[in-house]
Amino acid sequence: MSRVNPMRPQQTTSSGLKRMVLQANVKPEEAHAPKPIRSPAKPKTRVLVIAHSDRGALDDHARQALAAAAILADAETTVTVLVLGELHENLSSAGADEVMVLPELDFQQFQPDVELASLLAVIKSMQPMRIFMPDNLIGDGDLGRRLIAHSQLTTATQVVEIDTKHVASYQAGCSVLAVCNLPEIVLLAANAVDTDLPFSAKATHVDAVELNHASGEYQDLGLQTSSAAEIALEEADFIVSAGNGVQNLSTLETLALQLDAAIGASRVVVDDGKLPRDKQIGATGKTVSATSYLAIGISGAVQHLQGIKDCRHVIAINRDSSAPIIKRADLSVIGDAEDIMQALIGEIAKAKGANA
Amino acid sequence: MSLQRIAVLVSDGKNPVSGEARHCRNDSLALQVGLNLVPDLTVLHAGNADNPALQDYLALGASHIDVVPTNGDMVESLAAQLQNVDLILTGTRAENGEDSGLLPYLLAAKLNLPLVAGALEITQSGNHLEILQFLPKGQRRRVRVKLPAVVVVHPLAAVELCHVHARQILGNITAHPATNSAVHHTPWRIDTPRKPIKLKAPLVQTGHERLMAAITSKNKGGTVVNDGNCVEKAQVILNFLREHRLINY
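Heads up: the sequence lines are chains B and S, in that order. Residue numbers for the first sequence, in the working numbering: 323 to 678. Residue numbers for the second sequence, in the working numbering: 2 to 250.
Because the hints were derived from the structure by calculation, they are not lab data. Hints may be right or wrong, so weigh each one.
[Unchecked claim] Selected chain S positions facing chain B (in silico; Cβ < 7 Å):
id, residue
1, Leu103
2, Ala110
3, Leu112
4, Gln140
5, Arg141
6, Lys147
7, Ile191
8, Gly223
Quantities reported herein were computed from a predicted structural model and do not represent experimental measurements. Virtual Cβ for every residue (Gly too), placed ideally from N, Cα, C.
From just these sequences and the hints, can you work out the full model?
As structure tokens, then:
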């Protein structure tokens, strides 16, 4: 339970009574003391984390694998992360001591032969004592299994529990929890690790290895992206969601079309019959995992926040700056939903026009 | 080269509620995908020939099932049966045993064949296969792979399963003798049923820090934009989307 800070801002009235000041300009939290650096000065061993990047950043699942490696590493172990695909962010807060980037091996390109050969070359030169990978669907689970099949190391896939001694994973159709000693290749399931680290790392860049040539067995014929309106809400990458603050749904539909986003809704809008039941996001509706979630006129009831807990970037447009969604959102814009939506539609059209 | 011999690997599933043996849906999809390519398939199962789950596969379209025992290395005994096969189809994950999803990968490495996972549709073109591959976030990818190959069928593959009792009566099952070799296994032991424990970094705090953490709430939430007119606010949103590479204009 969070308690009221007895030291919060107050003023003394003329009669000598102390009055707490509501809505006072709360001091921005004092700059945190920088976290201690974990990176070892004289490393003896090394662990390797391998993950594909998505839009130039590591997603939550990949960061969990990195955090697991950093937490389990001892004082003389370097954590090296091999990022497949472009990287535009600093991984020092995520716990990476060394970063190697292979931008040509993006997950959208299907080239498992090149990836595996390059991976084996990196492993040969670095000699890691352990390898961590996220067991996801954007290529790491596939690549990890290919690596396992080509090596004689001990392995565990879909690991739901890990510590310094052992790993555990669900087996026999998720009916039993099986444990084994910490293996050399660990494919981590999502949410097995907390990414909050009490330390940071140096994240020095390491020169990439040269890529191997393709074997010619595989050929990529290109991606097929279907428009956001055709795919299920759970699979959508960009969702524009309507709440009670949206007066004019046609504006929202235009905005969603402009952004190529799927349309979701809070319970109130669905109960009013403005949108069908299958658009409802939240505890009674659907749980979504979009990369970007634009919540328009949604106050953010607990049930709704539960439905969007896996969304990476949440943007809120709301009239009330004290609504619960503001605490969840990465960016909150306070103002009238209709006006901001109209302005956004105009700006997007302008940006698209300038780009064309 | 045309698709002459297609092998489908099937495993025994079980009802998640009653525990009764039944077909594994993922493998049945692989079987149906194979039947859509050629009418006659080689169906392989590693395990026990008396397993009632195999009757389901007969009803679902396998005219004949070859059973190899698992007392040796499963990959070795399956690989011995899979020489000169043009295409090997499997499901994504079993419902019994380790269900690590590793078997097709080990088999492909053993037989030195290319492998494509997450297949939704398969079409043949000459001595290549064109495969529609599943990617998350509504994306699909078309890839081409050289035959012979191993293809792992995704659970969302759009095929219809058809259970015919007459096929179950007509079909037959052959058990093959064991080939023995070393067992390739990570030594797993079954633990008591419990909730997995999440790995957290140990946090060392002084008494004062713990007290402050208890009486002040952490400042959650991101940037809040209060000022400016609608157009400026819209610009802020667009800049945020651009900064995180969520839009490309």
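Against the structure, the hints:
With its C-beta approaching chain B no nearer than about 6 Å, Leu103(S) sits inside the 7 Å limit, and its interface hint holds. Evaluation of the Ala110(S) hint against chain B yields a held restraint, the C-beta minimum of about 4 Å falling below 7 Å. About 11 Å separates the beta-carbon of Leu112(S) from the nearest beta-carbon of chain B, more than 7 Å, and the hint is not met. Using the Cβ-Cβ criterion of 7 Å, the hint placing Gln140(S) at the interface with chain B is satisfied: the shortest such distance is roughly 6 Å.
Given the 7 Å rule on beta carbons, the hint for Arg141(S) holds: about 4 Å separates it from the nearest Cβ of chain B. The criterion of a C-beta within 7 Å of any C-beta in chain B is met by Lys147(S), whose closest approach is roughly 5 Å, and the hint holds. About 5 Å separates the beta-carbon of Ile191(S) from the nearest beta-carbon of chain B, less than 7 Å, and the hint is met. With a least beta-carbon distance of about 4 Å to chain B, the hint placing Gly223(S) at the interface is held under the 7 Å criterion.
Comparing the model with each earlier hint shows a violation of hint 3 alone; every other hint is respected.
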